[in-house]
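> This is what each chain is made of:
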Amino acid sequence: METNLRASERLVRKSRKLSLKNPERNGKIVVYTAAFLTVVATLAVTVFLAQRGLQSFYMSDINPLEFFTSTNWNPSGDNPTYGALIFIFGSLAVTLASAVIVAPLGIGAAIFMTEIAPSWGKKVLQPVIEILVGIPSVIYGYIGLTVLVPFIREQVGGSGYSLMAGIVVVSVMILPTVTTLSADALNRLPNGLRSSSYALGATRWQTIRRVLLPAAIPGLLTAVILGMARAIGEALAIQMVIGNTELLPGSLLDPTATMTTIITLNMGHTTFGSAENNVLWTLGLILLAISYLLVMAVRFLGARRKI
Amino acid sequence: MKKHAFMMLVGVVMLTVLAACGGGNGEEASGEVDSTNDEDAEATGGDSDSLTIAGSSAMQPLVGAVAEVYQEENPDASIDVQAGGSGAGLSQVSEGQVDIGNSDLFAEEEDEINADELVDHRVAVVGMGPVVHPDAGVEDLSQDELIDVWRGEITNWSELGGEDQEITLVNRPDSSGTRATFVDFALEGEEPAEGITEDSSNTVRQIVSETPGAIGYLAFSYFDDSISSMSVDGVEPTPENVQTGDFPIWAYQHSYTNGETEGLAQDFLDFMMSDEIQDTLVPEQGYIPVTQMEVERDAEGEETPVE
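Chains as they are written, first to last, in this note's numbering: chain A, -10 to 296; chain B, 3 to 309.
Just chain A, same shape as in the assembly (with noise of 0.2 Å):
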């Protein structure tokens, strides 16, 4: 049969044509290299930053146990003590907050673009939010320190500079991505599923509640843990609305600052080498394990997934 031939014999004329000796042979270095280089990336970014990351530990003698317990952060003073619980918290609640708010948002989104109008979705949603998804993170923290900061400051109170406000400006970027992938995840579950539930009589919410989800939750898990990820990283946008202060907040009114606020606002002042920059690579590293964990989270569900 001429279709269980192997491509490399099949392509054997053509191969002869073209000016490369082997088409063969250089179309598996330019794959093979493309893949080394991602792999080589990856572990240079990793190892570089832990090099840097662990010298506020070795070289400028930072104890550990105060860096990741104490609140206490003033780098730049006379008797400098670098307790970073406060910005450790402060990642955490905005990424853990974010994503209970927008779990329920964007797989009921997905759900209603896959399920309940799937054409209309189709046509209309899923351009919208990958339009979303596109718009740059300044975009929504400078809408957020014009509009959200002084409606939170009129209508709730407080100065309007908040966790609450860092957590709304981060959930409605990650609302699109976690909409997306939770659609993707439906949209992969076989149609026999669909088919065989409304043959059973089951009605179309019986057959979402009862068969879609459960089938679907390692898919749907996944969405919102990238969605974490992206969350964790963002600083831009944050920095703009959630006050900076190095204060632990007392409730979603206070100001507060995140790992990555801390990093932006430092890194251009401080001189390479000094304490003060080197808890800066600490924080980096910090946030680099967080996104590590979360990645590892989607690869144990994705293993996880059965159909």
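If you are wondering where the hints come from, they were derived from the structure by calculation, not from laboratory data. Hints are supplied without guarantee of correctness; some may be wrong.
To be verified - Partial selection, computed: residues in chain A whose CB lies under 8 Å from chain B:
hint: 1; residue: Glu13
hint: 2; residue: Met229
hint: 3; residue: Leu236
Said to hold, decoys possible - Now the in silico label distances, taken between C-beta atoms and shown as ranges:
hint: 4; chain 1: A; residue 1: Leu74; chain 2: B; residue 2: Glu155; range: 20 to 28 Å
hint: 5; chain 1: B; residue 1: Asp227; chain 2: A; residue 2: Val127; range: 44 to 52 Å
hint: 6; chain 1: B; residue 1: Ser276; chain 2: A; residue 2: Glu55; range: 47 to 55 Å
hint: 7; chain 1: A; residue 1: Leu202; chain 2: B; residue 2: Ser202; range: 55 to 63 Å
Stated by the list, open to error - Simulated coverage check for chain B against chain A, where a stretch passes if three residues somewhere in it have a Cβ under 8 Å from a Cβ of chain A:
hint: 8; region: 111 to 119
hint: 9; region: 184 to 197
hint: 10; region: 240 to 250
All C-beta atoms in this analysis are idealised placements derived from N, C-alpha and C, irrespective of residue type, glycine included.
Please build the complex by placing chain B on the supplied structure of chain A, with the hints as guidance.
Relative to chain A, chain B alone:
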């Protein structure tokens, strides 16, 4: 599977090499200062038509504008002015990565920088003053009142005869040169209480103009109708008052070179200090000509009359 193992092996080898390189660079930066200097001298001598300037983002517009005029008059010269922050500028010029490092702090104030190697060229003066939301109702503070406001001991403008509005502090990051200047010369070294923290002057101005009761500090060039500037001890924040030494909150804009310079770098710095630039472009960009200062200041903040 053998191929995969091989790729992994190559990856690990590459990684080790990379890590070794990283370690080597670190040592070079801290130890072999002399050789870096020689290389730098050769580099600038060999290619005299190009100049790389980096550092303070506050100075970038001024230096960029001067570079543009210079290049119009000397079409052969190519000058690249980057902004990355004062700390980065000082680090890069000490390591010989750039020809001129701009900083709004004295190099002596940064522990990691060997200030003896660097030559200070004071190219302009920037005046700064406290600014408040226009509705606060207070336009003049004594220095003691200003310190009490910033230390968080006065929390409402009504205590100072203004409107009944809570005071919101708008700070700069710990490591910022603008903050250091304000703390040293407006607050007599007292560390301000925690408040909203933003790095960019435009953002600070927007926050102060939109948040009732907000107070921040800005360079004179950022003063406009959306905020009100404050007098300190009855002295208005004007360039004239800075020149005479009556208004204390100002800082030099430093251009540092690594050792004595010649060729293009020296010619450019001479051009910057010429009356042509000091009397036109410097005030146009919102700075105070260093040539017209009647007082001068050393790295310890001691002020003396000129000549």
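> Starting from the hint list further up, note which numbers the structure goes against and sort them upward.
1, 5, 7, 10
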